[in-house]
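Colleague: Sequence order for the protein chains is P and L.
Going by my numbering, 101 is the number at position 101 of the first sequence; the sequence numbering is gapless.
Going by my numbering, 435 is the number at position 435 of the second sequence; the sequence numbering is gapless.
Simulated from the structure, these hints should not be mistaken for lab results.
None of the values given here were measured: they were computed from a predicted structure.
Misleading hints may appear alongside valid ones.
Stated by the list, open to error - To give an idea of the interface, some chain L residues facing chain P are shown, with a C-beta separation under 10 Å as derived from the structure:
id : residue
1  : Ala56
2  : Leu68
3  : Leu87
4  : Leu89
5  : Glu175
Said to hold, decoys possible - Cut-off 30 Å, straight-line C-alpha distance, at most; resulting in silico cross-link-like pairs (DSS-like, lysine-lysine):
id : chain 1 : residue 1 : chain 2 : residue 2
6  : P       : Lys103    : P       : Lys40
7  : L       : Lys96     : P       : Lys94
8  : L       : Lys96     : P       : Lys103
9  : L       : Lys69     : P       : Lys2
Beta carbons: idealized from backbone N, C-alpha and C, even for Gly.
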Amino acid sequence: MKKYRILEVARAVPVLAVVVFWIVSCSGNRVSKAPFEDVKAAVAETVVMDAMQEGDDAVVRRLYGLDPTEFEGSWLLWPLSNMDAEEVFLVKLKDVSGQQAVKDAVEARIATQKKSFDGYGVRQFDLLENHCVVEVRGNYVLFAVGATAEDIRSAFLSAI
Amino acid sequence: MAFQQLIFTLLILPLAVILFRFVPDRAKKPVLLIFSIFYIVWGSAADLFYVACEIAFNYLTAILFLRLKKDGYKRYATIVYVSGIALDLGFLAYFKYLNVWAGSPLPVPVGVSFFTFSLLSFLADLYRERETLPNLLDFSLFVTFFPKFTSGPIVRFVDFQTRLRTLKVTREKTEAGVSRYLVGLAKKVVLADSLTFLFTAATSAAAPSVLLAWGGAFAYAYLLYFDFSGYSDMAIGVGQMMGLTMDENFLYPYVSLSVSDFWRRWHISLGAFFREYVYIPLGGNRRGDRRTLLNLLVVWLLTGIWHGSTLAFVVWGLWHFVWIALERWPLKKILEKIPGIVRIPCTFFVVLIGWVFFFSGSLSSAFRYLGAMVGVGAGTDPGAYAVLSSLPLLLVCVLAALPLAKPVSVRLRSLVPALYPYLRVLWFTLLLLFSIAAMVGSTYSSFLYAGF
Chain P
1 MKKYRILEVA
11 RAVPVLAVVV
21 FWIVSCSGNR
31 VSKAPFEDVK
41 AAVAETVVMD
51 AMQEGDDAVV
61 RRLYGLDPTE
71 FEGSWLLWPL
81 SNMDAEEVFL
91 VKLKDVSGQQ
101 AVKDAVEARI
111 ATQKKSFDGY
121 GVRQFDLLEN
131 HCVVEVRGNY
141 VLFAVGATAE
151 DIRSAFLSAI
Chain L
1 MAFQQLIFTL
11 LILPLAVILF
21 RFVPDRAKKP
31 VLLIFSIFYI
41 VWGSAADLFY
51 VACEIAFNYL
61 TAILFLRLKK
71 DGYKRYATIV
81 YVSGIALDLG
91 FLAYFKYLNV
101 WAGSPLPVPV
111 GVSFFTFSLL
121 SFLADLYRER
131 ETLPNLLDFS
141 LFVTFFPKFT
151 SGPIVRFVDF
161 QTRLRTLKVT
171 REKTEAGVSR
181 YLVGLAKKVV
191 LADSLTFLFT
201 AATSAAAPSV
211 LLAWGGAFAY
221 AYLLYFDFSG
231 YSDMAIGVGQ
241 MMGLTMDENF
251 LYPYVSLSVS
261 DFWRRWHISL
271 GAFFREYVYI
281 PLGGNRRGDR
291 RTLLNLLVVW
301 LLTGIWHGST
311 LAFVVWGLWH
321 FVWIALERWP
331 LKKILEKIPG
341 IVRIPCTFFV
351 VLIGWVFFFS
361 GSLSSAFRYL
371 GAMVGVGAGT
381 DPGAYAVLSS
391 LPLLLVCVLA
401 ALPLAKPVSV
411 RLRSLVPALY
421 PYLRVLWFTL
431 LLLFSIAAMV
441 GSTYSSFLYA
451 GF
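Turn these sequences into a full structure, and let the hints steer you where they fit.
Modeller: Structure (structure tokens):
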């Protein structure tokens, strides 16, 4: 049986490689127990509200095609006018299975906004291109567009 | 990168086809593998890592159990074979179910359900001695072959090997592939993506009206069909352009005479996989009615679970199992007396109810939606605008889902034989133009089955 040992060990190597990869990858994506209101408050401190307004569930459905009742919590700040691109969308998922759907919806929203401003809204397009943050961490998702997007990201990561 | 993206349609695919045509025959397989690796890496480098590890593990497993068998250690060979199958299924289960439940989600590798089935087919066909061990290049190509990588069709290892041996690019194959690709592209970006408006209106309404709920379900039935059969057409078309033919995955499922007939026409390669590797090894229908019923139950439970981790998918699988069992035994004689014109809409209705479980994601959402369809809990959101504005599109979809293309083509060829080639070119040019217009005018929408 010894002559088969090399093959036994060799086929274990890719399995171990996948396991190690999983462990390393999972370490940055754990579920957070931080209450939604605390995270929202931390994010709110870094937000400049000049060009944004709060959106209710209907606005979330309209802009993202998502149903907020399926989340543990959600908070949307959306552009005050059609000529603004600043936006913040914070979601706490009930479970992580909804992560991809929210991520896809956010990416679709970014694509729509970019298409709207491409060619004539130089400042807005620049915000969407260079000051846009999407963070998916376990059961929390953050999407922020604006000059303070990086600050919002830092506050979000600290809070969760 | 996806088949329905402008960059793929207008740049990458034509370049790849032209380049591939001038590659010497002996270099075609390595070049195809390079294309496939490029296609996977474009999506995610992590996906390539997983696939490479899976290829290495399965190839070494196959070498080991084949050597053990040859040396007479059959029991040990079986243990190695079963451990290979178990690890492949464990990998799939981790990403599809445990990954989500464990609360530490990792991005699910694109096409994991499909390439895992390729690996299972490889191990099973070798273990049952239906095929000999291929070289690593052929095996890697079987797993990664880019037209089928993300969403199938699921090809059995033994079939792929047979076709790989006769890999040849011909002008006829390329022309057939291009036209097939264009049909699939139009199905996806012109029809399926346009139907999302009505479907989203129905599912995002807090309380849809009866009309909107039915409209949404109807839209989803055609959206899923054109999305997935469109992908399959593109995959088969790209395969043909690369010299490899793959079997059909759809055969006008919405004209099925029964639910059993529907499953001979819908996602044919998945049904064939379960029949070949689960149903028949369990005994199929050769061990009496009770055992046949149990085997069917196993197959339909697995079909449901394969599609998703929620209970709604299990119920969807069981819904089809119940109807197939009814058709096989108590309803068999009754069905024989019912004319096809009645059976087709009845079958469509059963399938439509099943799709509600399929798209709802959870049992509570499915029952809420079904309630809205019969007026229970239906809301004030009439959705009349969404339904009425989508009616012409729905009509086009109903017609496009009928088996009309071939008879129309045959009739045209006999009526105007001289003009026929020009009409054909005109038709495919129009399809391309419509598709480009649709792609330019809308945001990217992924294939629904890529999520499975």
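Colleague: Would you mind marking each hint as holding or not holding in the structure?
Modeller: Structure-based check of all given hints:
Given the 10 Å rule on beta carbons, the hint for alanine 56 of chain L holds: about 4 Å separates it from the nearest Cβ of chain P. Taking 10 Å as the C-beta cut-off, the interface hint given for leucine 68 of chain L holds, the closest approach to chain P being about 7 Å. A hinted interface residue such as leucine 87 of chain L counts as satisfied when its beta carbon comes closer than 10 Å to some beta carbon of chain P; here the least separation is about 7 Å, so the hint holds. Restraint check, leucine 89 of chain L versus chain P: the minimum CB separation of about 13 Å is more than 10 Å; hint violated.
Proximity of glutamate 175 of chain L to chain P is violated relative to the hint, the smallest CB-CB distance being about 34 Å (cut-off 10 Å). Between lysine 103 of chain P and lysine 40 of chain P the alpha-carbon distance is near 18 Å, which keeps this suggested pair within the 30 Å criterion. Restraint check for lysine 96 of chain L and lysine 94 of chain P: the C-alpha separation of about 18 Å stays at or below 30 Å, so the hint holds. A hinted pair counts as satisfied when its Cα atoms are at most 30 Å apart, and lysine 96 of chain L with lysine 103 of chain P qualifies at roughly 17 Å.
For the proposed pair lysine 69 of chain L and lysine 2 of chain P, the alpha carbon gap of about 16 Å is at most 30 Å, so the pair holds.
In the structure shown, a violation is registered for the earlier hints numbered 4 and 5, in ascending order.
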